[in-house]
Amino acid sequence: MLFPTIDFAIFFAIAFTVNWLLNPYAGPWKLAMIALSYFFYGWVGWNYCLLLLATTLITHFGAVAIHGSKTDRSRRWAMTISVAALLGLLGWFKYYGFASVNIDNLTHAVGLGRAVPLLQVALPIAISFFTFMAVSYVVDIYRRELEPARPLDLALYLSFFPHLLAGPIVRGNELLPQLRKRRNPNEVDYSRALWLIMTGLFKKVVISSYVSTAIVTPVFTAPSQHSAPEALFAAWGYAVQIYCDFSGYTDIAIGLALLLGIRFPINFDAPYTARSLQDFWRRWHITLSRWLRDYLYIPLGGSAGSDAKTMRNIMITMVLGGLWHGAAWTFVFWGALHGFGQVVAHLRRRRRVAQGLPPMADGPVRVWSQRFWTFQFVCLGWIFFNASGLSQAFAVLGRIFFGWGSPSPLVNPLLVVVVVGTIALQYVPSLNVAKLQATFSRQRVAVQIGVLAFVLLGITTFGPPGVAPFIYYRF
Amino acid sequence: MICVSAFGVWLLLFAPMLQHNAQVSPVGTRRTVALDILGPIAALSRGVQLSRIVSETDAATGRDKNQPGNGSTLTVLGASKHPTKPRGGTSTSTLPPGATTTSTTAVNILHPTAANHLRVLIVGDSLGLDLGGPLQNDLANTGVVTAVLDGHESTGLTRPDYFNWPAELQSDITADQPQVVVIMIGANDPQDFLGPPDVPYTSPQWNPMYAARVAAFMQIAEKGGAKVIWVGMPPMQSGDLSAKMLDLNTIVQQQAALQKPPVSFISSWSLLGNPPGTYSAFITNSSGQEVNVRTPDGTHLTPAGGEVLSQAVINYMQNTLHFVLP
Chain A
1 MLFPTIDFAI
11 FFAIAFTVNW
21 LLNPYAGPWK
31 LAMIALSYFF
41 YGWVGWNYCL
51 LLLATTLITH
61 FGAVAIHGSK
71 TDRSRRWAMT
81 ISVAALLGLL
91 GWFKYYGFAS
101 VNIDNLTHAV
111 GLGRAVPLLQ
121 VALPIAISFF
131 TFMAVSYVVD
141 IYRRELEPAR
151 PLDLALYLSF
161 FPHLLAGPIV
171 RGNELLPQLR
181 KRRNPNEVDY
191 SRALWLIMTG
201 LFKKVVISSY
211 VSTAIVTPVF
221 TAPSQHSAPE
231 ALFAAWGYAV
241 QIYCDFSGYT
251 DIAIGLALLL
261 GIRFPINFDA
271 PYTARSLQDF
281 WRRWHITLSR
291 WLRDYLYIPL
301 GGSAGSDAKT
311 MRNIMITMVL
321 GGLWHGAAWT
331 FVFWGALHGF
341 GQVVAHLRRR
351 RRVAQGLPPM
361 ADGPVRVWSQ
371 RFWTFQFVCL
381 GWIFFNASGL
391 SQAFAVLGRI
401 FFGWGSPSPL
411 VNPLLVVVVV
421 GTIALQYVPS
431 LNVAKLQATF
441 SRQRVAVQIG
451 VLAFVLLGIT
461 TFGPPGVAPF
471 IYYRF
Chain B
1 MICVSAFGVW
11 LLLFAPMLQH
21 NAQVSPVGTR
31 RTVALDILGP
41 IAALSRGVQL
51 SRIVSETDAA
61 TGRDKNQPGN
71 GSTLTVLGAS
81 KHPTKPRGGT
91 STSTLPPGAT
101 TTSTTAVNIL
111 HPTAANHLRV
121 LIVGDSLGLD
131 LGGPLQNDLA
141 NTGVVTAVLD
151 GHESTGLTRP
161 DYFNWPAELQ
171 SDITADQPQV
181 VVIMIGANDP
191 QDFLGPPDVP
201 YTSPQWNPMY
211 AARVAAFMQI
221 AEKGGAKVIW
231 VGMPPMQSGD
241 LSAKMLDLNT
251 IVQQQAALQK
261 PPVSFISSWS
271 LLGNPPGTYS
281 AFITNSSGQE
291 VNVRTPDGTH
301 LTPAGGEVLS
311 QAVINYMQNT
321 LHFVLP
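Here the protein sequences come in this chain order: A and B.
The letter at position 111 of the first sequence is residue 111 when you use this note's numbering, and the numbering goes up by one with no holes.
The letter at position 130 of the second sequence is residue 130 when you use this note's numbering, and the numbering goes up by one with no holes.
Don't take every hint at face value.
As the list claims (entries may be wrong) - Short derived list, chain B residues pointing at chain A, Cβ under 10 Å:
1. 18
2. 129
3. 138
4. 141
5. 142
6. 211
7. 291
8. 294
9. 295
10. 302
11. 304
12. 306
Since the hints were made in silico from the structure, they are not lab data.
In this text the structure is predicted, and so the values were computed from the model without any measurement.
Note that CB positions come from ideal geometry on N, CA and C, so glycine has one too.
Using the sequences and the accompanying hints, generate a full structural model.
In C-alpha cells:
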C-alpha cells in the first residue's frame with residue numbers, strides 16, 4: 001500500500017482509531033496493530049506475509065536460543081545460525097537470480113558448462129528492511145544489550161506498518177520499550193506529526209515527481225539525445241529526486257508513527273551540506289549507516305588496525321551497503337565508488353598526521369569547496385545508482401563531458417529553481433525549521449486545518465496524475 | 001482532530017475527482033465500494049460548490065479533464081513522454097545536438113542523415129515503456145533519428161474512459177509528425193468494455209469490438225503517412241494471461257494485414273521465449289550468455305529484455321523497411 005493514496009488514507013483512519021481505542025489494553029492493542037500491519041503488508045501480496053512471519057519466528061527462536069545458551073560458544077553458534085538463516089532468506093529472495101546468472105555465465109565462459117539452475121525469484125517488498133532489523137535484534141541479544149522480547153512485542157517490532165516498507169531501520173532498544181508501555185495521547189505532538197506528513201507528501205508528490213518527469217527520466221532513458229547541461233541537471237536532479245522521495249517517505253513514516261504515539265529516529269540531516277563522504281553517510285539514511293557501522297564495519301575491525309585493514313573494511317562495508325540496495329552491478333559500483341572515495345580521504349588524513357601537520361583551518365572557501373565537491377561526487381554516484389546498467393551510466397557521464405555546445409530545452413528556469421532551491425533549502429538551519437514547526441503548532445486549530453487543507457490542495461493540484469512508488473520500496 | 005478535519009476538507013474538495021477516478025478504475029469490488037462511498041460525498045461537494053475550487057484551479061493550471069489521454073490519478077506512473085514536448089507544432093525539445101526536424105517531404109526518409117533526422121514515435125503501455133526506453137536510446141545512438149517516447153502504465157485500448165489512447169496518439173502525431181510509429185500495447189486489454197452496454201471480455205462481441213479499436217488506432221497512426229510497426233505481446237508467466245496475449249496478438253496481426261498499407265507486425269513471442277514461444281525469465285543470447293529478460297512479476301521486461309525487442313525493431317526497420325541506419 002502506497003502512503004500517498006486514498007487506500008492508505010482510509011486504512012490509516014481505521015488504524016488511528018483502533019490505536020487509540022485499544023491503547024489502554026496492551027494485549028488487544030498489540031494484536032490489533034500486528035493484524036493491521038500484516039493487512040498493510042498483505043495488500044501488496046498475501047504470500048509475503050508468510051515471509052514476514054517466518055522472519056519473526058526465526059528471530060524469536062534465535063533470540064531465545066542465544067539467551068538460553070550456557071556457554072559463550074553455544075551463544076555464538078546460536079547467533080551465527082540465526083543470522084545465517086535470516087540472511088539466507090534475504091539472499092534467496094533478493095540475490096539468487098543475480099548470482100545464478102553471473103555464476104552460470106562465468107562457468108560457461110571457462111568451459112565448465114551450465115553449473116547453476118537459473119531461477120527468477122520474486123523479490124518481496126521490504127525484505128531488506130525487516131531482515132536488517134531482525135539481524136540487529138538477534139545480535140543485540142547476543143551482545144547482551146537487549147533482553148528477548150515477548151513474541152507479540154517482537155512481531156509488532158518487526159511488522160509495525162509505518163516503518164515496514166522502507167524504514168527507518170529502528171533498533172530494538174528504540175522501539176520495543178515504546179511498544180511495552182501505554183502511550184499518552186496528550187503527549188503526542190499532533191501538529192508536528194501533521195507537519196511532517198504534509199512536508200513529506202509535498203516532497204514526494206510534487207518535487208520528486210516533477211524533477212523525475214522533467215529531466216531525470218528523459219535523460220536517463222536516451223542519454224545520447226540530450227546535451228551536457230541536460231545530463232548535468234539530470235544528475236543533480238536525481239540527487240533532488242531521490243532525496244525528496246526517500247526523505248519524504250521517512251517524514252511521512254515518522255509523522256504517522258507519531259500520530260500513533262510512537263517515536264522513530266531521524267533518517268536524514270541535510271545530507272547535501274556534507275563536507276566529506278564520511279559526513280554524507282552521517283546525514284544520509286542515518287539508520288542504515290549506523291547499522292552498517294555497528295553490525296558490519298566495527299565487527300570487521302573498523303579503523304582499529306592497519307591502514308590496509310581499515311581500507312579493506314571500508315570497501316567491504318560500502319560494497320555490501322551498495323549491494324543491499326539491489327542485486328545489480330550498478331549498486332556494487334556505486335558502493336565501491338563511495339568506498340574508494342572514503343579510502344582516499346582516509347589515506348589523506350593519515351598522511352597529514354604522519355607528516356606531523358595540524359588539521360587545515362576551516363575558512364569559508366575551504367568549507368564551501370568541500371561541500372561543492374562532496375556533492376558532485378555524490379551525484380556521480382547517483383548516476384550509477386539510477387542507471388539501468390553500467391553502459392547507461394557511462395552514456396550519461398559521456399554526455400556530461402562531451403555534450404557541450406548544443407541546445408538544452410529541458411533546462412528551463414522552473415527546473416533550475418526547483419533543483420537549486422531544494423538543495424539550498426538544506427542550508428536552512430534546523431533550528432529555523434523547528435521554529436517554523438513550533439509556529440504552526442501554536443496556531444489555532446481552525447488555522448491549522450486550513451493550512452493543511454491548503455497544502456493538500458497544492459499537493460493534489462501540482463502533483464502529477466498518479467503516484468509513482470517510492471524508490472526505496474524496491475530495496 | 002486536526003488530521004481528521006483537514007482530511008475531511010480535502011475529501012470534500014476532491015470528492016468529484018476521486019469519484020471520477022473510481023469510475024474509470026478497473027471493474028471489481030474495489031471500484032464498487034469506492035463508488036458507493038464517494039457518491040454521497042461528491043454530491044455534497046457539488047451541492048455546496050466546494051468542488052468548483054478544484055475545477056477552477058485545474059482549469060487555471062491546465063489540468064482540466066479535456067486534455068488528451070485524460071489520465072487518472074489512480075494509475076501508477078512510469079517513465080512518461082517528453083514533458084516539455086510542445087503540442088501542435090514541430091518538436092525541437094528532443095533533438096539531439098545539431099539535428100533539425102525540418103519538413104522531410106522532399107527528403108528520402110529511408111536515408112536519414114544528421115541534418116535530416118528520421119522522426120520516430122514510440123507509444124505503449126508499461127511493456128511499451130520497457131521496449132521504448134532501450135529503443136529510444138538505440139535509435140538516438142544512430143545519430144540520425146529523433147525518437148519520442150510516449151508511454152503510460154496501466155493503459156490500453158479497452159478503457160478509453162481510463163486513458164484515451166486514440167486522442168493521445170492523434171495529439172502525438174500532430175505534435176511530432178513522426179515518419180515511423182512503433183506501438184506496443186495490449187497487456188491490460190483483456191477486460192470488459194464498459195458501455196452502455198457493457199461488453200464482457202468473454203462475450204462473442206468482444207473480439208470484433210477489440211479488432212475495430214485496433215484498426216482505428218492503426219489508422220490514426222498511419223494517417224500522416226508514417227510507417228507503422230506494431231510489436232506483439234510476449235508470452236507471460238501466467239498461463240491464463242499468456243493465452244489471452246496470444247489471442248490479442250492474433251487479432252492485431254489480422255488487423256495489421258488488413259490496413260492499407262499494411263501495418264508491420266513484429267512478434268515478440270519467439271524472441272522472448274526459451275524455447276521460443278514458452279515463457280522464460282532467461283534467454284541465451286548470440287554469445288551463448290544467459291540474459292535475464294523478464295522482471296520477477298512474470299509480465300514486464302528487464303532492460304535487457306527491452307533491448308532484445310529494440311534490436312528486433314531496428315533490424316526490421318533496416319532489413320524489411322529498408323531504412324539505412326548507421
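task: Please name the hints from earlier in the document that this structure breaks, with their numbers sorted from lowest to highest.
output: 6
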